[in-house]
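2 protein chains.
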Amino acid sequence: MVSDGLDAIFSPRSIAVVGASRHRGKVGYAIMHNLIVNEYQGTVYPVNPNATSVHGVRAYPTVLDIPDPVDLAIVTVPAEVALEAVEACGRKGVRGLVVITAGFREIGGPGAEREAKLLDLCRSHGMTMVGPNCMGVINTHPEVRMDATFAPTPPLRGTISFMTQSGALGVAILDHARSINVGFAKFCSLGNKAQVSGNDLLEAWAADPETKTILMYIENFGNPKNFVRIAREVTKRKPIIAVKSGRSEAGSRAAVSHTGSLGGSDLAADAVFAQTGVQRANSIEELFDDAMAFSLQPLPRGPRVAVVTDAGGPGIMCVDELVAQGLQLAELAPSTVDSMRAWAPPEAALANPVDLIASATAEDYERAMDAVLADPGVDACIAVYVPPVVTDEVLVARSIWTAAKRRDKTVLCTFLGRSEDSPGFVELVQNGIPSYLFPESAARALAAMHRRTMYLARPEGSVKRFDVDRSRTEPIVTEARGRGPGRVADADAWRLLEAYGLRTARAEVVRDAKAAANAASRIGFPVVIKALGPDLVHKTELKAVALDLRDGAAVRSEATAMARRLTARGLALDGFLVQEFVRGGKEVILGMTRDKVFGPLILFGLGGVYVEYLKDVAFGIPPLTDEDARRMIRSIRTYPLLEGVRGEAPSDVEALTDALERFSQMVLDLDGVDEIDLNPVIVLGKGEGYRVVDARFVLGPSA
Amino acid sequence: MVSDGLDAIFSPRSIAVVGASRHRGKVGYAIMHNLIVNEYQGTVYPVNPNATSVHGVRAYPTVLDIPDPVDLAIVTVPAEVALEAVEACGRKGVRGLVVITAGFREIGGPGAEREAKLLDLCRSHGMTMVGPNCMGVINTHPEVRMDATFAPTPPLRGTISFMTQSGALGVAILDHARSINVGFAKFCSLGNKAQVSGNDLLEAWAADPETKTILMYIENFGNPKNFVRIAREVTKRKPIIAVKSGRSEAGSRAAVSHTGSLGGSDLAADAVFAQTGVQRANSIEELFDDAMAFSLQPLPRGPRVAVVTDAGGPGIMCVDELVAQGLQLAELAPSTVDSMRAWAPPEAALANPVDLIASATAEDYERAMDAVLADPGVDACIAVYVPPVVTDEVLVARSIWTAAKRRDKTVLCTFLGRSEDSPGFVELVQNGIPSYLFPESAARALAAMHRRTMYLARPEGSVKRFDVDRSRTEPIVTEARGRGPGRVADADAWRLLEAYGLRTARAEVVRDAKAAANAASRIGFPVVIKALGPDLVHKTELKAVALDLRDGAAVRSEATAMARRLTARGLALDGFLVQEFVRGGKEVILGMTRDKVFGPLILFGLGGVYVEYLKDVAFGIPPLTDEDARRMIRSIRTYPLLEGVRGEAPSDVEALTDALERFSQMVLDLDGVDEIDLNPVIVLGKGEGYRVVDARFVLGPSA
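Protein sequence lines correspond, in order, to chains R and C. The first sequence begins at 52 in the numbering used here and counts up by one. The second sequence begins at 52 in the numbering used here and counts up by one.
Here chain R stands alone, though its shape is the one from the complex (with noise of 0.2 Å):
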């Protein structure tokens, strides 16, 4: 229904403007000037009870009255009248709506309660509602050439489309686009998002024919579970590319280190994008940048660069830039080079980059994009081009943009010191090739192109589903909760990770340091004790842990005198744990915390201060697929430690990756608990898996 209502709001036959005005700078205005100015391939009707014309169009008093059938109607009209104005718009038998008119819920309290109603003649009416408080809506097809914003800038018609959650921002997007030659397809200001939302889009736009790119500018996620699994199955066929604002909530966090804390909701929208393909732009320059080279070249197949180049400071940078974004330098092939002999100059330098000093002509860069394009060992070309005092740019601009249409392979250009109305520069872009005023940019755009590649290589996984008896499990939490919030105890937390298949140290909670030694006796030594009671969090500073403990004669010494040290400091003592002592292996972390927005939130990183001081971590969004929890291991930059390093043996990464998915598992199973960490779990050799020696389960106050 949403689809079919999306249609009436992009390809309407007829508009209604329900507001328009005859005074210039009112917003009813502006919609009426750019649905004609621009040429709106269908019938414009204005509604306005004060005028018989608005623009030199028949006005109606409403919509009511119009003769013909109206398929969209814009909303302008004041918040006190908008309601009314809507009702007689589904009475009219309008399809789709778009609601410029603010004073809704952004405004709280009573608006809120306008928005309700609205919603409900939108459903009782059957109407499809963009907005209310949006900027409007575009479609650049020559068969609809529909511009419905106030914005001051027509854009140019292209294959991107472009949602934004901020129509301030989309109205100065519209504007940049057009002043560095970037089209667009489709436009839409979301506005409030009462009932299209930025997944109704997603999904619209993965079927339009006319969109080949998408981008978003999103400030928070109406349905994030709903926003992965569409974007998952539409990265697949398009590129999106969103910037998100809100990163800094992460970076006040930064100083906190536990899983709790470090799961700031903005780890979580890097961890959806980054399962779900999405490309993130850290910035509104890179949101161009990418969406220029996304929408006009195709991918790279490959990591390797050639740089061809007029100037070598300029080449360098460019080169700085690739290798720091992860992309290489081709290895040009003798005959490459070979072939460029022939013609360059002496003084130019061939290897890659190809520098052809500041003689070079608009030939010379020709030939020298079609050798380095030949070359097998080449995935993608930059062209980075200052323009001397004599050559005339829009020849070298041309014959880039020739050389590059000769081939399939990806091409880039910088023409530095120029802007972007530069005739060289539209000259490039209007042709299809990508072109940024910094080498920098390019190398950016391009590694970010790259990025895309691997992600579509990448094997999909899938999300493995483990036997467990949640008879079992349930009553556990319900238990727990039933002691209201807080930590778990540990009895209960070890039953639920045994429930899971998770392995944990052989462990038994005991009283006294007599019992402590028989249970070690029986768990087999060496063991671990730990003191436990309600005060003991920190057991380290508190020495209320010995490790490797050998024989029953130490246990119950340590035991003894533990007991002994905590008592004198007017610590309650509840009893022991007695633990295998797990010997050699690496400490990992496995973790959860619950996103406000985005639910539980899964966290992977080696133990101690990896975790702590150098947040080495990653974090993933459950379900976790097989591949998904491999890339999670692989991502964190110890990684080398798992897989051993001077002569150490390889960790048990498949169990490791096993377990995580277990974990992913229980932490959808478990909806009271708030936070779980394992911490640490220790993962042994290469088919001797791990022990999981200490977890703790966090209920929520709600729970």
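The hints are all genuine.
Copies of the same chain are indistinguishable here, so a pair counts whether it falls within one copy or spans any two.
The calculated lysine-lysine pairs, modelled on DSS-like cross-linking and capped at a C-alpha distance of 25 Å, are:
1) K289 to K263
2) K737 to K590
3) K737 to K594
4) K287 to K515
5) K647 to K276
6) K515 to K737
7) K590 to K666
8) K263 to K456
Keep in mind the hints are simulated off the structure, nothing from the lab.
On the provided structure of chain R, position chain C as indicated by the hints.
Structure of chain C alone, referenced to chain R:
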């Protein structure tokens, strides 16, 4: 002498253009054209044997034919006749030369010879020369107005002076600067730097009242020691912002791990920049963004930033980048917020970021800026403006600069969606407000300014001189040299460390197991033993190390077993190192590698995997002041581990600082040594010092 010559180059009363041409497209034409069209205030004498006039100005066959004195000659004739022309200049008494002509050292063999002769001519005639192979020089001072380049765009007058090692880049940058309204005081394309170097210009521009900010594009350092000395002085007075290409050399080495290979010269450059206060820009775009900020606005006194915006989204993006860059969102005083409430619309959000919403007028901006700039909790303000349809952007721009001028706080602006030549943009820049297209750029530029604030505030420290008996150390190195390049014997390394007062773990070198046990008794238990032999480099892998041996019997049996194992594998065994086993403490590494350009480069980091996989290391260029040493230690990400976490005692950072200072002196003294690794050094608790446990000194092939 050079400074006198530079005066002739930058402020000549008369200029001879040797090779002035009547033909458009020739360099000798472009330079004449630029001098005349841009109204050079002195007298120009074209020199051309085949023309009676050039550009309407009487021409002379040679310089010697000019009837008046000539301060500066611009040489554009072909390389073949350049020496002859330069000699004529010398005989004429010309004081300054700018040699545009190419075909010198940059083309290799014969060119290098020609360059040597050129330099001889300059020296013998007392001439100062910029170039050869350069693009010329500019001075925009109204009494000079000299554009002696062949760049197509004359620069605006401003307070930035810019030197570039790439002429092409220089021209492109002049072009771009003009398009964003950034002006220059002086410009110099350095070319081959045969005589006048970047260092000479740094000294001259430090003293130049017209120059407020110095920009450099650097490909390599001619004399890095001088650069360090000079830059350190200059940055106390004026900001130096530099782009250095060649970052990717470090990138390509990033996979390798030990001290030697971590010391790529780009890391050295980074260390130089950090120690001298030169601000490194990561791209040409950043160079400009920073230059505009530094040249137009005062430095922020602190990190607290207010953001005033008319649109939420861009405001958040600005804050995101501010926080990511280490700045803080200022907390506005309640009175500040109240004062805005008096006039702001109810929908406006008046906590920082101050969101005036889309209806914001020019007056609103002025009042809001006034309010936040008057707040003592605000050090700087970024005004974010998204031009809506109807407001006049020039009025808003005027409000912003008007409010900014009333206080001496830092103000930057973002005019989102506008191009850099839009009227609001121009209004701002011309009135001293650095303005950017994107909010992230403004945030980054402000952060660069704040880094300078911090640099100027930090104590300089001093280089200590430790009393070392070089009559003891020199023979050690001399003898080692006699044995050829490669690793210095452990005993010698140990003696060197001790001579410099570096504290080593007590140790003895012995021949066999029995002697090891005896040595251990002298040293005191527990001890470590390490097998010594030419092939025993990776001792852990070879099991050639035994730790924590607690009595003589253990030492003897371990040593015997070790000897048997190694001999069985055919590895030669020279004996054992018996060493105090240092318990507790943290492993750190002190290293030195000799950079081709900068000479010794000192590395500090936490030991083990922190260095290898996390690259958590700091670099410094000796001589290190005590403050340099302290900063190196504090700058690693794992520094909190040294301060003590989770109830651990803090490490002896002061002793470590002393160690780095001594190490710095040692590496400067030991000329032939190419690499030193003190790894591990175990740093103990506060007051307990550290022990160097293993040391590797490597003599270079040239030694």
